[in-house]
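First to last, the sequence lines map onto chains G and Y. Take the first sequence: its letters are residues 42 to 236, numbered as in my numbering. Take the second sequence: its letters are residues 8 to 139, numbered as in my numbering.
Keep in mind that the hints were calculated from the coordinates and are not lab data. Beta carbons: idealized from backbone N, C-alpha and C, even for Gly. Don't take every hint at face value.
[What the hints assert, rightly or not] 25 Å max Cα-Cα, derived BS3-like pairs, lysine-lysine:
hint: 1; chain 1: Y; residue 1: 100; chain 2: G; residue 2: 164
hint: 2; chain 1: Y; residue 1: 134; chain 2: Y; residue 2: 100
hint: 3; chain 1: G; residue 1: 91; chain 2: Y; residue 2: 43
hint: 4; chain 1: Y; residue 1: 64; chain 2: Y; residue 2: 134
hint: 5; chain 1: G; residue 1: 171; chain 2: G; residue 2: 91
hint: 6; chain 1: G; residue 1: 205; chain 2: Y; residue 2: 120
hint: 7; chain 1: Y; residue 1: 43; chain 2: G; residue 2: 171
hint: 8; chain 1: Y; residue 1: 133; chain 2: G; residue 2: 164
hint: 9; chain 1: G; residue 1: 137; chain 2: G; residue 2: 91
[Unchecked claim] Distance windows between CB atoms, simulated:
hint: 10; chain 1: Y; residue 1: 67; chain 2: G; residue 2: 123; range: 15 to 21 Å
hint: 11; chain 1: Y; residue 1: 35; chain 2: G; residue 2: 161; range: 39 to 45 Å
hint: 12; chain 1: Y; residue 1: 96; chain 2: G; residue 2: 122; range: 45 to 51 Å
hint: 13; chain 1: Y; residue 1: 107; chain 2: G; residue 2: 113; range: 33 to 39 Å
hint: 14; chain 1: G; residue 1: 229; chain 2: Y; residue 2: 35; range: 29 to 35 Å
hint: 15; chain 1: G; residue 1: 199; chain 2: Y; residue 2: 35; range: 36 to 42 Å
hint: 16; chain 1: G; residue 1: 233; chain 2: Y; residue 2: 97; range: 28 to 34 Å
hint: 17; chain 1: G; residue 1: 161; chain 2: Y; residue 2: 107; range: 35 to 41 Å
hint: 18; chain 1: G; residue 1: 227; chain 2: Y; residue 2: 40; range: 17 to 23 Å
hint: 19; chain 1: Y; residue 1: 122; chain 2: G; residue 2: 159; range: 23 to 29 Å
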Amino acid sequence: MEAMQPSFRLFSARRLFLTRSGQTVLSAAAVALLAGSESLAAEQKKSGAKTSDVSILNTALGAEQEAVAAYQVGAESGLLQKPVLDLAVQFQGHHKAHADLLAKTVTKLGGKPIEAKRTAEYKFPVETLKTQADVLRFAAGLEQGAVSAYLGAVPLFANRDLSKAAASILGDEAMHWAILRQALGENPVPDAFVS
Amino acid sequence: MPKFFGTAMFLIVAAAPVAFVLAADPPRGDPVRGEKIYGRCMACHSIDRDRTGPRHKGLIGRKVGSVPGFNYSPAMRKAGEAGMVWDEATLDKFLENPTRFIPGTRMGYAGIKDAQERADLIAYLKKASAGS
Numbered sequence: 042m043e044a045m046q047p048s049f050r051l052f053s054a055r056r057l058f059l060t061r062s063g064q065t066v067l068s069a070a071a072v073a074l075l076a077g078s079e080s081l082a083a084e085q086k087k088s089g090a091k092t093s094d095v096s097i098l099n100t101a102l103g104a105e106q107e108a109v110a111a112y113q114v115g116a117e118s119g120l121l122q123k124p125v126l127d128l129a130v131q132f133q134g135h136h137k138a139h140a141d142l143l144a145k146t147v148t149k150l151g152g153k154p155i156e157a158k159r160t161a162e163y164k165f166p167v168e169t170l171k172t173q174a175d176v177l178r179f180a181a182g183l184e185q186g187a188v189s190a191y192l193g194a195v196p197l198f199a200n201r202d203l204s205k206a207a208a209s210i211l212g213d214e215a216m217h218w219a220i221l222r223q224a225l226g227e228n229p230v231p232d233a234f235v236s
Numbered sequence: 008m009p010k011f012f013g014t015a016m017f018l019i020v021a022a023a024p025v026a027f028v029l030a031a032d033p034p035r036g037d038p039v040r041g042e043k044i045y046g047r048c049m050a051c052h053s054i055d056r057d058r059t060g061p062r063h064k065g066l067i068g069r070k071v072g073s074v075p076g077f078n079y080s081p082a083m084r085k086a087g088e089a090g091m092v093w094d095e096a097t098l099d100k101f102l103e104n105p106t107r108f109i110p111g112t113r114m115g116y117a118g119i120k121d122a123q124e125r126a127d128l129i130a131y132l133k134k135a136s137a138g139s
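In isolation and in its complexed conformation, chain G is listed as follows:
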C-alpha cells in the first residue's frame, strides 16, 4: 500500500523506542498504582462502593481480553507485514499487561475476575479483513473504543487510585490509536480532546 510507506518509516523509528521502553513502563507504574497498593484493599473493604469498582474493572478486563484475542487474530492473519506485525504484537503485550493487572486488582478487592473466552467465541468479523489496512482499521476501532471506555470509567471509581490507573491505561490506548491512525495515513491526533 503506497499510501502507507511514510508511516512505515515512522514505525521503524518508533519501534526502536517502543520496544526498548514500552514493555516495562506500564507494568511497573501500574503495579505500583494498583496491585501493589495494600491500602486499596483495606479501604475498599470498608466501602460499599467495592462492588461497583469490581464491576467496572471486570468490564474493562473483558474488553482487554478481547483486544488480546483480536491482535492474535491480526498477527496470525498473514496480512501484517513487518514492522507493523511487530507493533501489533507489542500492543497485544500491553493489553495482556492491562488484563493481568485488572484481574489481580479484582482479586485483591475480593471479586472474581471474568475469564477470557476462546477466540472463536468473540466472532470477530474476519471475513471483512482482507488487507493490512483492514486489520489496522479494525484494531484502531478497538483502541478508540478503549480510550472512550476508560475515559468514561475514570470518574466512576470510588477509589481514586483506580481512577489514576485507568487514566494510565487510557494514555497507553490513546498512543496505540494514534499510531494505528498514522499507519492508515490518517491524522494521528485529530482533536485536542478525546471523548
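Chain G is already provided as a structure; the job is to place chain Y on it using the hints.
Showing chain Y alone in chain G's frame:
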C-alpha cells in the same frame, strides 16, 4: 376577578404552549454524526455481535436485558422484567448517566452529557440497529 389576576392568567395561558414546545422539543439527531460518536462504544459494543456488551442489532423496541444468551447484570434483567423497553426516551436517559438510570448496570461509563450528541447517537442506533 381583579385586573391584575386577569392579566397574569392571560400571560400564563399564553406562555404555556411556548414552554411546552421548549420542554418537549429535544435536539434532532444526525445519524452521520452519530456514527462517529458510536466509535466511543466500540471497546464493548458492536451492531452485529455480542461482546462485553450486547449487540445493538434490533435495539429499538427491544425489552431491556433481553438479548438471548447474553450475560446481563441482575439490574438490567430486572429493568426488562419490569417492562422497560429501549426507545428514544429510555436510551436518552440511560446514555446520559447509565449507572444512575439503571443502578447496578455493568456499563461502567460516566455517560454522554451533551444532549445533541445523545440525539445523534440515538439517530445512528435507530438506523444501524434496524432488524433483529
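Hint check:
1. Between residue 100/Y and residue 164/G, the direct Cα distance comes to roughly 30 Å. Violation of the 25 Å bound is thereby established for this hinted pair.
2. Between residue 134/Y and residue 100/Y the alpha-carbon distance is near 19 Å, which keeps this suggested pair within the 25 Å criterion.
3. Restraint check for residue 91/G and residue 43/Y: the C-alpha separation of about 34 Å exceeds 25 Å, so the hint is violated.
4. Simply put, residue 64/Y and residue 134/Y have alpha-carbon atoms about 10 Å apart, close enough for the 25 Å limit, and the pair holds.
5. Proximity of residue 171/G to residue 91/G is assessed by CA-CA distance (about 44 Å); at most 25 Å being required, the pair is judged violated.
6. Under the criterion of a C-alpha separation no larger than 25 Å, the hint pairing residue 205/G with residue 120/Y is consistent with the structure, at around 22 Å.
7. The straight-line distance between the Cα atoms of residue 43/Y and residue 171/G is roughly 23 Å, inside the 25 Å bound, and the hint therefore holds.
8. Between residue 133/Y and residue 164/G the CA atoms are separated by roughly 23 Å; this keeps the pair inside 25 Å, and the hint holds.
9. For a cut-off of 25 Å, the pair hint linking residue 137/G to residue 91/G stands: about 24 Å separates their Cα positions.
10. Between residue 67/Y and residue 123/G, the C-beta spacing of about 45 Å breaks the proposed range 15 to 21 Å.
11. Separation of residue 35/Y from residue 161/G is about 42 Å and conforms to the stated range, judged on CB atoms against 39 to 45 Å.
12. Separation of residue 96/Y from residue 122/G is about 49 Å and conforms to the stated range, judged on CB atoms against 45 to 51 Å.
13. At about 37 Å, the CB distance of residue 107/Y to residue 113/G agrees with the hint of 33 to 39 Å.
14. Restraint check, residue 229/G to residue 35/Y: a C-beta distance of roughly 33 Å satisfies the suggested window 29 to 35 Å.
15. In this structure the supplied range 36 to 42 Å holds for residue 199/G paired with residue 35/Y, their Cβ-Cβ distance being about 37 Å.
16. Distance hint for residue 233/G and residue 97/Y: a CB-CB separation of about 33 Å, consistent with the stated range 28 to 34 Å.
17. Taken as a hint, the range 35 to 41 Å holds for the pair residue 161/G and residue 107/Y, whose Cβ atoms sit roughly 37 Å apart.
18. Between residue 227/G and residue 40/Y the CB atoms are about 18 Å apart, so this pair conforms to the stated range of 17 to 23 Å.
19. A beta carbon spacing of about 41 Å between residue 122/Y and residue 159/G contradicts the range 23 to 29 Å that was offered as a hint.
Hint check: violations occur at hints 1, 3, 5, 10 and 19; the rest are consistent with the structure.
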